[in-house]
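Enquirer: Residue strings, one per chain:
Number of protein chains: 2
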Amino acid sequence: MNKVETKWPPTYDRSYLPKNDEPYWNREVETMDAEQLRQHVLEKLKRQIRYVYDHSPFYRKKWSAVGFEPGDLKDFKDFEMLPFTTKQELREDQLENPPFGSNLCISPDEIYHIHGTSGTTGKPTVFALSKGDWERMAEAHARIMWGFGLRPTDKVFIGSVFSLYMGSWGALAGVERMGAAAFPFGAGQPGQTEKAVRWLLDVKPTAFYGTPSYALYLAEKAKEMGIDPKEFNIRILFFSGEPGAGVPSTRKRIEETFGGICVDTGSMAEMTPWMANGECMHRQGMHLWQDIVYTELVHPETKQVVPYGEEGVPVYTHLEREAQPMVRLWSGDLSLWTNEPCPCGRPYPRLPKGIYGRADDMIVVRGVNVYPSAVEDIVRSIDGLSDEFRIVVTRENIMDELTVQVEPDTAGAHDTNALTNTLQQKLKTVLGLTVQVELLPAGTLERTEFKARRVIDKRSFK
Amino acid sequence: MNKVETKWPPTYDRSYLPKNDEPYWNREVETMDAEQLRQHVLEKLKRQIRYVYDHSPFYRKKWSAVGFEPGDLKDFKDFEMLPFTTKQELREDQLENPPFGSNLCISPDEIYHIHGTSGTTGKPTVFALSKGDWERMAEAHARIMWGFGLRPTDKVFIGSVFSLYMGSWGALAGVERMGAAAFPFGAGQPGQTEKAVRWLLDVKPTAFYGTPSYALYLAEKAKEMGIDPKEFNIRILFFSGEPGAGVPSTRKRIEETFGGICVDTGSMAEMTPWMANGECMHRQGMHLWQDIVYTELVHPETKQVVPYGEEGVPVYTHLEREAQPMVRLWSGDLSLWTNEPCPCGRPYPRLPKGIYGRADDMIVVRGVNVYPSAVEDIVRSIDGLSDEFRIVVTRENIMDELTVQVEPDTAGAHDTNALTNTLQQKLKTVLGLTVQVELLPAGTLERTEFKARRVIDKRSFK
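These protein sequence lines map, in sequence, to chains A and B. Going by the numbering used here, the first residue of the first sequence is number 293, and it counts up by one from there. Going by the numbering used here, the first residue of the second sequence is number 293, and it counts up by one from there.
Since the hints were made in silico from the structure, they are not lab data. Here the structure is a predicted model, which means the values were calculated and not measured. No residue lacks a Cβ here, since even glycine has one placed at the ideal position from N, Cα and C. Each hint should be verified, as a subset may be incorrect.
As the list claims (entries may be wrong) - A partial selection of chain B residues facing chain A, derived with a Cβ cut-off under 10 Å:
#1 A472
#2 Q484
#3 G552
Using the sequences and the hints given, assemble the complete structure.
Expert: As structure tokens, then:
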């Protein structure tokens, strides 16, 4: 049995496996009550903070500016005095202290894996993980995967690119730790999606990991090849990298298309083990597995932790990381949290609506806040439309215009006027805005094998 | 100290590391004399064969056709009575027994990783590895990497695609086992090579793994970006997937371009741990690490094992594989072996000229055998030519014509007539054939990020 670990950083028995019908990987922690969990997390937090203080010039500098020392940390209230960390800060620190920055808390010789951001915008960031970090990530991910129903008898197709991106590697490490069969197929090479369809048919994996956009793209490819994605017979599809799997109608589309369950996971690559945001098999929003990564929801303006039931920015802190630990990393995402009980019985708070936006993704059109995920939800709830859409914002004279471009699906003849009207009506009802709808010929919109970019803002202040 | 393992399959201590200045990972085995090694290999072979007989319907059927039982195996002579296995047979067996074939010797639940051939020609083949297989591969590769000078303090850039292809995964597993820093960057995505150049500059890995073609392509890209590949400061470049690293002038080009040593490794994906063909730091041809994979060189026609000093087809047999073990797998490659001592002192035979051709790659032009690797060696020995070339075979009336297409390098002005004449002269001397030479504008020939295809045979009998 996987006990409460009192050493820090914890080392987990890599041969441990629960019995197949056991719902919890770590029953002792996962059945704690809220107060026990709070104490357990606080103990780990104190040790992580002590470790960071002793090893990270980056944080020592940040904390000395506010006069904080690890001994000051008695309760979460003390912790909430600590400054946030932003991605921008990390990037600048790495520019000044190349390549790993001044938050590398291990010797360069102890680095086990190097990854990073893809750096499509600006200077990329470098991630270093120690061997212990890798093994703890594998343990955490195996535990969370167990929670959503994966078992050692599963065969897991990993349909996302293996390169800098931590998503694929994190999924793989969890699958390997559990002892399920890993099929690390990857993605992103020209022609690879058609191959994926054939391999899925041949090898019949029981689980799939990727981005929601890619799963839908793959399904479309399969249909073009005359194959119903249900033939793959996948029982669990789990996702990260995009909010889609937490958007109700996208989830519904994925589940109806593949005939398996759709599970939402994922925080940030910097926060690896990133699956510490992860749904259980009941799929009522991602749990915050607080004993792996400690997460607060913080008001975007007051910067205070918000009560359950309210919206805020997830702010993450590692609890068992040796190399490049993050303390109060400001995600910039938006979500809403609750502590209402989940049927699974775990004491973790949940994000019942997933991560539905980013402070900086939100589009303000004529004074109305529009989240791309809200548009996604509406588009995918309408039968007869394909999964793709694009949001185009323009300014004519002084008036902002929001146009949603969609396509009919390829199933057959549609009443295009009716489709357009239905969509326009729903958008108006939900967003409170009159929106232009453009129905493009099927297949016009770009499909993606990775993370989709679906907003085009043509207004001049951008 | 890493002792001679007497259990089968062996389990290795995953925390073991030699001292940094120790030349051998497994001194006890690597300093045996030839006779001790012979006995050690024979013992492992008997156990592998017994295991295969007990678990593989595929081999039981093959062997019962020749009346062989494991008890019959007393010496290598008995072993040489066993039939060869061909890739074609494996493919057909998997078609009849999808997806893993009748040579899967473990339960499907015990499969740890699934990989395969890319299947560019015909039906792909599926590879299954058990967890033990994976760990033994990691151990074997770490041991061989140690032999060519890699150490836990190295940072290893893996510049080949992570998908079905076993090359990247095998290199990664070895690096992870040794505890060097793995930087699994991958390859094959559009635009990834330019990114690779920038990451190499930023992170400064000390070692590089990929295909020889890709290393040269990457160097060319770097130069286009105004960067001398020596700035990467890579001390070891190791390769598999193509014969290039064993071709003297290609090796020289790589070493001169990067300023690091060029190491040749690799047998076949089916034979994972494929690094069991692998050079030591003296780089006098790949050693056959006979206690990991037992290799014979077999005459292509008589099918008898050839004496040292002669040319033959490498035929491989696993010695510590649980899932899909191969017994006498016919590679179809061509090489020459020797047992002359290597300065490293290891008792393993060597392939001093690498794997220089394939029985079916050989082009017969007007009765003369031409190996593409011989053309490669000539082209790359001429200053002023780029690394790329293409061999085009045509038939005009009844006469075969061989044209070698090359390009000047981008270094500056060249006397194109002199270049053409030099190449034509050398080709005639070495091949014994008059060959057409076509000097194309720089950058015309296709560059590859993976394995190069450089022969175009336009004759109608193909």
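Enquirer: With reference to the structure, classify each hint as holding or not holding.
Expert: Tested hints:
1. A472: Since chain A brings a Cβ to about 9 Å from A472/B, closer than 10 Å, the hint holds.
2. Q484: With Cβ-Cβ at 7 Å, under 10 Å, it holds.
3. G552: At 19 Å from the nearest chain A Cβ, G552/B fails the 10 Å test, so the hint is violated.
In terms of the numbered hints stated before, the structure departs from hint 3 and from no other.
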